[in-house]
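**Student:** Spelled out from the first residue to the last, the chains are:
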Amino acid sequence: MQKVPENEYGEFVLSAASSDGAFVEFDRVQKSYDGVTLVVKDLNLAMPKGEFLTMLGPSGSGKTTCLMMLAGFETATHGEIRLGGKEINNIPPHKRGIGMVFQNYALFPHMTVNENLAFPLEVRGIGKAEREAKVRKVLDMVQMGEFGNRRPAQLSGGQQQRIALARALVFDPELVLMDEPLGALDKQLREHMQYEIKHLHERLGITVVYVTHDQSEALTMSDRVAVFNDGVIQQLAPPEDLYERPENSFVAQFIGENNKLTGIIEERSDGIVKVRLADGATCLALAVNCGGVGEETLISIRPERVQIGREGQANSHEARVEELIYLGDHIRCRLSVHGTDDFIVKVPNSAGHKHLVVGETTTIGWETEDARALNPL
Amino acid sequence: MSDATAPLTTVDGKPLKAALAAAERRARWRAFLLVVPLLAFVLITFIAPIGQLLKRSVYNPAFSDNMPNIVAWFAENPAGTEPDEEAFAALVADLRQARENKTIGIVGTRINYDLPGSRSLFTKTARKARKLEPPYREALLKIDEDWGDPMLWQVMRGASSAYTINFYLAALDLTRDAEGKIVPVDENRRVYVTLFKRTLVLSVVITALTLVLGFPIAHLLATLPLRYSNLLMIFVLLPFWTSLLVRTTSWIVLLQSQGVINDLLVALGIIDDDGRIQMIYNQIGTVVAMTHILLPFMVLPLYSVMRPIDPSYVRAARSLGATSWTAFRRIYLPQTIPGIGAGALLVFILAVGYYITPALVGGSTGQLISNLIAFHMQKSLNWSLAAALAALLLGGVLILYWLYDKLVGIDNLKLG
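Here the protein sequences line up with chains A and B, keeping their order.
Okay, so the first sequence: first residue is 31 according to our numbering, each after it adds one.
Okay, so the second sequence: first residue is 88 according to our numbering, each after it adds one.
If you are wondering where the hints come from, they were derived from the structure by calculation, not from laboratory data.
From the three backbone atoms N, C-alpha and C, an ideal C-beta is built for every residue, glycine too.
Be careful, since some hints might not be right.
The following label-pair restraints were derived from C-beta to C-beta distances [claimed, not checked]: (1) A:Asp253 / B:Leu325: 54 to 62 Å; (2) A:Asp253 / B:Leu420: 38 to 46 Å; (3) A:Glu160 / B:Thr410: 16 to 24 Å; (4) A:Glu221 / B:Arg113: 47 to 55 Å; (5) B:Ala106 / A:Asp371: 27 to 35 Å.
Derived coverage of chain B by chain A (criterion: at least 3 residues anywhere in the stretch with Cβ under 8 Å from a Cβ of chain A; other residues may be distant) [stated by the list, open to error]: (6) 396 to 408; (7) 415 to 422.
Could you build all of it, start to finish, from the sequences and the hints given here?
**Tutor:** Below, the structure written as structure tokens:
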């Protein structure tokens, strides 16, 4: 293996591109804590420079472990992690030169904001004048210019969040890791910070690996999202693909709202399957991730793709209105369709739109390509 | 919008402050009543006896109460006056009276504190006092030449006032010469200052040792998973559950020259049988045994401070480019300061006043000041000197406490 070149601070220097252009690369990485179970199973992931990639998944899915391995706080049990084309498995965290934002911010409580921000520069031996200039610049960048002399405990959650972000950026890392950084903020602030982080990413051109369990956060911010479950990436795709073209039932379930109909495949041709549902009715769906004739499948339909009052076409079904929930801009209808009584449809609250009544029977339908036949759960 | 000149009132016109006080009076009374038993207990069993003892260090009426005539003479004649016939007459009258009241022993003992060897002078003279005839000066000098000693007269003048700082002088190895000037005592009688210094040095050594030994253990306790750390905590607390006496004597078993460690060293051929190391009945014994006994007092405050320190601080420092040593020194250590301060203060204060362990394993060189206080309380019965020594010790500790407050800040203290 080639020796890793180091810069004046002892960090190894990232070369701009490796052979295949990937900046961060997980190559067949496995991780086990107890030697009995695998927390991360055969992870393969390559991300180009400048990408904003989110690792999304329920707790215990292995996403944070992946982040910790990248940061150097956990060792990979098997496989290689590469950064800028160089293997970093055995490089200690302080030589990786990766900025990191922690879930609880981890701002040093005994230091002021300025001291916190100067810390990474200080340990790199950067002179006082340059240090102060950089701290000032990064404080202005996160609009916290006047707070330099405060202690972390004197700041609000949102302000602490900004400082944590600034601290991870102050030493100009090319890669920044964020471990659920917005988890502790209230909804409004969280949404605001999502945009800010996204804009910072665009402006600075840094590469970001972001871990969250909040799907809306993942969809808002990312170039690509890796959905984790059970130690495996279920799907790695841009947000719109993830939402509109989920590849398996887990992703369809985990991202957004989803209506499920289970049945047995009766016919399969040209990527379209005809599925016989439990109550005997049939329905056409796009064959995405399902078996052959005679096998079970799960059809996934997004609530907003269901049309009410659609009659006389393929995929028209009778539905009984079970419950109506008024949500201002739209009305959420719970329907009973072919024996499934948690079928959700969103009806826009627009002028002239048909108003449903609980107990009434209506017709609903959808385009064949909006119904995706996936693996059964 | 409150106006300073017009205080707020409730809706029915009562001043708001009074209404608030009335509303909360009941709760405050109940809180106070809950504290009363402990308050009374502390007052009766702690504050009052200590106050009494401290008073003794400056107040000793043994001479002034029992020798009224000579006390009156001292009051009339300023310091430096040659004792005349009148003085000797007063002295003889007092000696007769004291003999009759059987208080002559107390008087002699009091003078003996400041001028060793003079107790017998008083008892001997008092026995013969009834038969003495004027001129008393010659008569007394005939019984003993020492009655003419200006030093004795200086000491009696000092004792003629019940309030005196002479015990503090004695506690600092100082005394008064015949003219009443403060001078150091003879070199071969200086004990207390040496002992104070030794107590201070050994306490600092013990505190440092407990810190060095306790810090890693506390860190381990704080970072281990709970089920392991609980087990380890039991080992740390085990010394607490064993009798102090048993622990100390087990150190004797281990460390004495025919003890386990020496036997082992001899058996291994590291030392020969004549070269057994003296590890007990000296300062080593005191330091080893006390470090062991005081270790939990360091570990527990450290642990309670370290437990809530999130591991992500050190991780953050590492990710920001700090080596593990820098991360420890700059990030972890400063956050443990309240625990270090509390532990060190606790161990030091306990060590400074420790008595039983040095008494058992200290030999002659490992004795601390508290052993001398005990000696004066129990053997020499010079309670005033014991009180003065104890008061100096207390004062020293208070100064250290004040210093700690100045340097670290007492708000930073975390005892558990």
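**Student:** Looking back at the numbered hints, which does the structure fail to meet, lowest number first?
**Tutor:** Violated hint: only 5; rest satisfied.
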